[in-house]
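My request is simple: use the sequences and hints to build the entire structure.
One line per chain: the protein sequences are R and G, in this order. Mapping of the first sequence onto full-length UniProt numbering: residues 1 to 333, in sequence order. Mapping of the second sequence onto full-length UniProt numbering: residues 1 to 333, in sequence order.
No lab work stands behind these hints, which were simulated from the structure alone. Treat the hints loosely; a few may be bogus.
Put simply, identical chains are the same to the list, so a pair is met inside one copy or across any two.
SDA-like cross-link-like pairs, simulated, lysine to any residue; straight-line CA separation at most 25 Å [unchecked claim]:
#1 Lys309 - Gly31
#2 Lys309 - Ser7
#3 Lys309 - Ala13
#4 Lys178 - Gly96
Owing to the predicted nature of the structure, the values given are computational and were not obtained by experimental measurement.
There are 2 protein chains.
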Amino acid sequence: MADTPLSESAAIAVIREMLSAPAPALEVGVGDDAAVFHFAGGSIILTVDSIYEGIHFTLDTCGLADIGWKAMAASVSDIAAMGGQPLCALMSVAFGAPPTEDEVRALLGGALEMSGSCNCSIIGGDICRSSSGLGVSVTVAGTPHAYGPVLRSGAREGDIIGVTGTLGDSAGGLYVLKSGHPDLRAKFPALVDAHLRPESRIPAGEILASCGASAMEDVSDGLAADLVHICQESDVGCEIYSEAIPLSGELRALANEARCDPLQWALAGGEDYELVFTAPEERFSKALSSLAEREAPATRIGVVAHASKGTRLIAPDGRAESLEGLGYDHFLK
Amino acid sequence: MADTPLSESAAIAVIREMLSAPAPALEVGVGDDAAVFHFAGGSIILTVDSIYEGIHFTLDTCGLADIGWKAMAASVSDIAAMGGQPLCALMSVAFGAPPTEDEVRALLGGALEMSGSCNCSIIGGDICRSSSGLGVSVTVAGTPHAYGPVLRSGAREGDIIGVTGTLGDSAGGLYVLKSGHPDLRAKFPALVDAHLRPESRIPAGEILASCGASAMEDVSDGLAADLVHICQESDVGCEIYSEAIPLSGELRALANEARCDPLQWALAGGEDYELVFTAPEERFSKALSSLAEREAPATRIGVVAHASKGTRLIAPDGRAESLEGLGYDHFLK
Chain R
1 MADTPLSESA
11 AIAVIREMLS
21 APAPALEVGV
31 GDDAAVFHFA
41 GGSIILTVDS
51 IYEGIHFTLD
61 TCGLADIGWK
71 AMAASVSDIA
81 AMGGQPLCAL
91 MSVAFGAPPT
101 EDEVRALLGG
111 ALEMSGSCNC
121 SIIGGDICRS
131 SSGLGVSVTV
141 AGTPHAYGPV
151 LRSGAREGDI
161 IGVTGTLGDS
171 AGGLYVLKSG
181 HPDLRAKFPA
191 LVDAHLRPES
201 RIPAGEILAS
211 CGASAMEDVS
221 DGLAADLVHI
231 CQESDVGCEI
241 YSEAIPLSGE
251 LRALANEARC
261 DPLQWALAGG
271 EDYELVFTAP
281 EERFSKALSS
291 LAEREAPATR
301 IGVVAHASKG
311 TRLIAPDGRA
321 ESLEGLGYDH
331 FLK
Chain G
1 MADTPLSESA
11 AIAVIREMLS
21 APAPALEVGV
31 GDDAAVFHFA
41 GGSIILTVDS
51 IYEGIHFTLD
61 TCGLADIGWK
71 AMAASVSDIA
81 AMGGQPLCAL
91 MSVAFGAPPT
101 EDEVRALLGG
111 ALEMSGSCNC
121 SIIGGDICRS
131 SSGLGVSVTV
141 AGTPHAYGPV
151 LRSGAREGDI
161 IGVTGTLGDS
171 AGGLYVLKSG
181 HPDLRAKFPA
191 LVDAHLRPES
201 RIPAGEILAS
211 CGASAMEDVS
221 DGLAADLVHI
231 CQESDVGCEI
241 YSEAIPLSGE
251 LRALANEARC
261 DPLQWALAGG
271 EDYELVFTAP
281 EERFSKALSS
291 LAEREAPATR
301 IGVVAHASKG
311 TRLIAPDGRA
321 ESLEGLGYDH
331 FLK
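Rendered as structure tokens:
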């Protein structure tokens, strides 16, 4: 009876069956008080990220499998942002109402699809009720690159700033989904996919770490906010050229049709999970070549400046605008 | 202006200041994409537990500091239930509305007080909005005892069943808080404290692991549900004597006054975070002595039986009742 609400123990039985595949280094999996895994020793990266119904997603634009995927991708992306490799994950799910077996299978199935794509095993977690709406919190443990984790604080004046992939696609996809027009959805499939099934940039992060990137972060709150984080942590400023910010053909076409500014989606949309990074000129060029060889193109978008210059977005006509306040802040409207 | 709602970045600045104390083995703390800590190698226990407003607490019975404490205690308790030691924690908080500085300080302050009491450092986490109500999810990483983690699956027929401390106090405390009577609160302070500030049984868990307990779990869903977990995982049954279940004097007095059955609070109340464990007779006696020496008394409550006997609660008149269905299930009413 896959569409009858489950008891907690029945839901755990479904989850346990879905997580029964052997995971490397796993010593104790689902069914005990906690998971136990073996680690040879060294540095461990630990991160948690959460998404909530009504804030990060609504069930009319995202399916449960998409939500499982997105929750996993958001946390895995934090490991990518340090140039690391994910090891294993815990998933904590609060259901607004007792879920059916189909719902549990969809949510966890999406998460497993995403975690499997980057060799990350889901080894445990917890489920409970929330008083309203679905909440998913994913913890990921990983290991840094042999050269050490790439931090936000390492950018130096004169470093070049780059970003992987294209930006704003996720925000464009959300615009399409919110519009509710099936025509629009059929016309812009890559944008919808970027929103519902964001890729992890684990391989790009590893290449950037091995090429000696000086600072790195994932684009989760929009390029503006995330670049401001790097500048604040590194005590530097920056100059970004608006024309250099990589936008996809689909995003430009949608913006044209919707009479929107695609740059705003790139700067403030968030959830792109691309990597914004800095590196001294020579290393930067090497990184761009290495990324291109691995079919993970990146783009030069600006330079790191002295802190006194602030964080500036330069328009084609030379006018400058501060990046601060352009990104997403959960507690501001 | 400690009572003005904060922006996300201002809230993070407060959290960062509060978490600035040096933590052992910490390599990267708050302010980057993820936390990084050093681990010498071996087994790592990883667990997550979440509490939600309206389900696990309401703000009229719990202060924010209590909620921070309880969220941390619930996850640390999973480490205790394996006989392990906590290393570090991540805290993921969803606020129903932008919090004030005082609110952030209260919540995190309670969590820090609890984590400090068991040498667990809070090294990172995330904050975001929820569409309704406060949600706190805590991940804890820890290490098992040198003899290995004590699992739920090791109970054998003939083992003795014991439990630390007294049971039902947290449920009694909740009854007092829900009543809203200040007189009742003044009369039963230990029950209220057991509900708002549950202790971690890390030291008791370690003693039990070193004495060779065969199975262990923390009492989070009520003795009935948690003992059923052990029996299911170990493929055994059990006999528990209702008169042997340890109840505090305050709980008996409250039950008398409220005309409630204190045993129901012990069996189905949950959130006691005591440890229920099994061990062969000789080891069991040794464990009880060791616990008593360390002022962590435990009580013998029954024996492990063959699976065919089921999980039975025996009344003083010899009548038996199944433990199944007596505990808390998040998805059943």
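- Against the earlier hints, flag every one the structure doesn't satisfy and list their numbers going up. As far as the earlier hints go, not one is violated by this structure.
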